[in-house]
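**Q** Can you build the whole structure from these sequences, using the hints too?
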Amino acid sequence: MEESEIDPPKHPPAHRLDAIAAGDSDAGASAHVESCEACALYVGRLREQSVRFRAENDARAFVARAAARRGREPARSRVLRVAWAMGPVLAVALLLLVRARPHEGALAPAATSERTGRASGPGEGRFKGGLVVVVVREREGAQQRFAGPLQVRAGDRLRVEVSTDRDGPVAAGLLTDEGEWVQLFAPSALEAGTHYSDRAARFDDSPTRATLLVGDPAAVDRARRTRDFGGVVAWRVTSEFRP
Amino acid sequence: MPLTPEEAALLYEKYGFFLLRRCRTLLRDTASADDALQQAFERILRSGGAVKQASAPLRWLYRVVDRCCYDVLRSRRRSVESVQSDELGETAHPSVDIEARDAALKLLGMMTEQEMQIAVLLFVEGMSQGEIADEVGVSRVTANKKVQALRARAEQYLGRAS
Numbered sequence: 000m001e002e003s004e005i006d007p008p009k010h011p012p013a014h015r016l017d018a019i020a021a022g023d024s025d026a027g028a029s030a031h032v033e034s035c036e037a038c039a040l041y042v043g044r045l046r047e048q049s050v051r052f053r054a055e056n057d058a059r060a061f062v063a064r065a066a067a068r069r070g071r072e073p074a075r076s077r078v079l080r081v082a083w084a085m086g087p088v089l090a091v092a093l094l095l096l097v098r099a100r101p102h103e104g105a106l107a108p109a110a111t112s113e114r115t116g117r118a119s120g121p122g123e124g125r126f127k128g129g130l131v132v133v134v135v136r137e138r139e140g141a142q143q144r145f146a147g148p149l150q151v152r153a154g155d156r157l158r159v160e161v162s163t164d165r166d167g168p169v170a171a172g173l174l175t176d177e178g179e180w181v182q183l184f185a186p187s188a189l190e191a192g193t194h195y196s197d198r199a200a201r202f203d204d205s206p207t208r209a210t211l212l213v214g215d216p217a218a219v220d221r222a223r224r225t226r227d228f229g230g231v232v233a234w235r236v237t238s239e240f241r242p
Numbered sequence: 000m001p002l003t004p005e006e007a008a009l010l011y012e013k014y015g016f017f018l019l020r021r022c023r024t025l026l027r028d029t030a031s032a033d034d035a036l037q038q039a040f041e042r043i044l045r046s047g048g049a050v051k052q053a054s055a056p057l058r059w060l061y062r063v064v065d066r067c068c069y070d071v072l073r074s075r076r077r078s079v080e081s082v083q084s085d086e087l088g089e090t091a092h093p094s095v096d097i098e099a100r101d102a103a104l105k106l107l108g109m110m111t112e113q114e115m116q117i118a119v120l121l122f123v124e125g126m127s128q129g130e131i132a133d134e135v136g137v138s139r140v141t142a143n144k145k146v147q148a149l150r151a152r153a154e155q156y157l158g159r160a161s
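First to last, the protein sequences are chains A and B.
Under numbering that gives the first Met the number 0, the first residue of the first sequence is numbered 0, with each subsequent residue one higher.
Under numbering that gives the first Met the number 0, the first residue of the second sequence is numbered 0, with each subsequent residue one higher.
Treat the hints loosely; a few may be bogus.
As the list claims (entries may be wrong) - Quick list of in silico lysine-lysine cross-link-like pairs, DSBU-like style, CA-CA up to 35 angstroms:
1. B:13 / B:105
2. B:13 / B:51
3. B:144 / B:105
4. A:9 / B:51
5. B:13 / A:9
6. B:144 / A:9
7. B:105 / A:9
The hints are simulated quantities; they were obtained by calculation from the structure and are not laboratory data.
All values derive from a computational prediction rather than experimental measurement.
**A** Written out as structure tokens, the structure reads:
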């Protein structure tokens, strides 16, 4: 059966009608609009609204704001490019992470994580500095959100979601008990809002012992070097099944 | 190929209303919509030169803003509880069932990117299944199945499932 018989196009799609309302020429759509009351009404309303919008909005000022925003991007973009360029290195680091051997003494959730308030919602951890951290674990197509230590098994993917209520620098990654670092969130200046990690960590069936670190890049770097997790979010990530 | 600020300003002047309306329709949040549109223009300034050769510039620009909105929706990864038509979203395409559209928009954040794209083409653009198949690059049979599934999800959300 032809889909067009099930669902015949009654009117031109919105982008063509909108373009007419914006002043573009489209002979076919215009002919339809002339003979269709509903489309004529739609186009007429949009035309009126867009004229009002043009009178009330300064295009040059808007573009200047976008350009200024663009001017702030290069530092972050460079960092991201470096992160992507280092993909093979990170892949090796990830391999080392998932092959890390267990340390029985490191099983407890990091007591030094700076969690200062109640979770703001299911699967969200709120921290000092207006930082809300969520770990998203993808397993067999389903996503589960965590606000603390979590377990993984073969095939799982982890990403970090960071929400901030102010602009500020953030970094995140997994530090294995052997000291390998797998970067998930390249150090960057984030604008207020919600951000997803640049990279995801995928796990195989080797035992995993690591700590997820999230926070100010300098504090994360210090935590990596000293293993003192004060001042950063530090959650344990361990294997679900022990060998 | 980049676009000069003057060229971008001309685009905004002509199409800014439509692009902002699109962002607000998809995101249902004025602040996020404004932000997504700025992001879109940031991309356009950086590498939007191709729009000058586009036979349908608004369609080209919609693809850019849609992508920026999908990024925002992906980061939300949840359904939006309160979706209300604002002044920019009241004028829906004549083919679109507004209730089903609003239900689908509430669920956008929980969809895959392809589902988001199909939902927008179906419920916002008012495209037929054949047009959706061409736009997304899938067979008509696949488009038909995905459209039926999306409609069923919207109907279920509305409690209209039979």
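**Q** Holds or violated: are the alpha carbons of residue 13 of chain B and residue 9 of chain A at most 35 angstroms from each other?
**A** Holds, at roughly 27 angstroms.
**Q** If you draw a straight line from the CA of residue 144 of chain B to the CA of residue 105 of chain B, is it 35 angstroms or shorter?
**A** holds, 21 angstroms
**Q** Assess, step by step, whether the Cα of residue 13 of chain B is no farther than 35 angstroms from the Cα of residue 105 of chain B, and give holds or violated.
**A** holds, 29 angstroms
**Q** Please verify whether residue 144 of chain B and residue 9 of chain A have alpha carbons no more than 35 angstroms apart.
**A** Holds, at about 20 angstroms.
**Q** Given the hint that residue 13 of chain B pairs with residue 51 of chain B, test it: the Cα-Cα distance must not exceed 35 angstroms.
**A** holds, 14 angstroms
**Q** Run the distance test for residue 9 of chain A versus residue 51 of chain B: straight-line Cα separation, threshold 35 angstroms.
**A** holds, 30 angstroms
**Q** Sort out whether residue 9 of chain A lies within 35 angstroms of residue 105 of chain B, counting only the CA atoms.
**A** holds, 25 angstroms
The earlier numbered hints are all upheld by this structure, with none contradicted.
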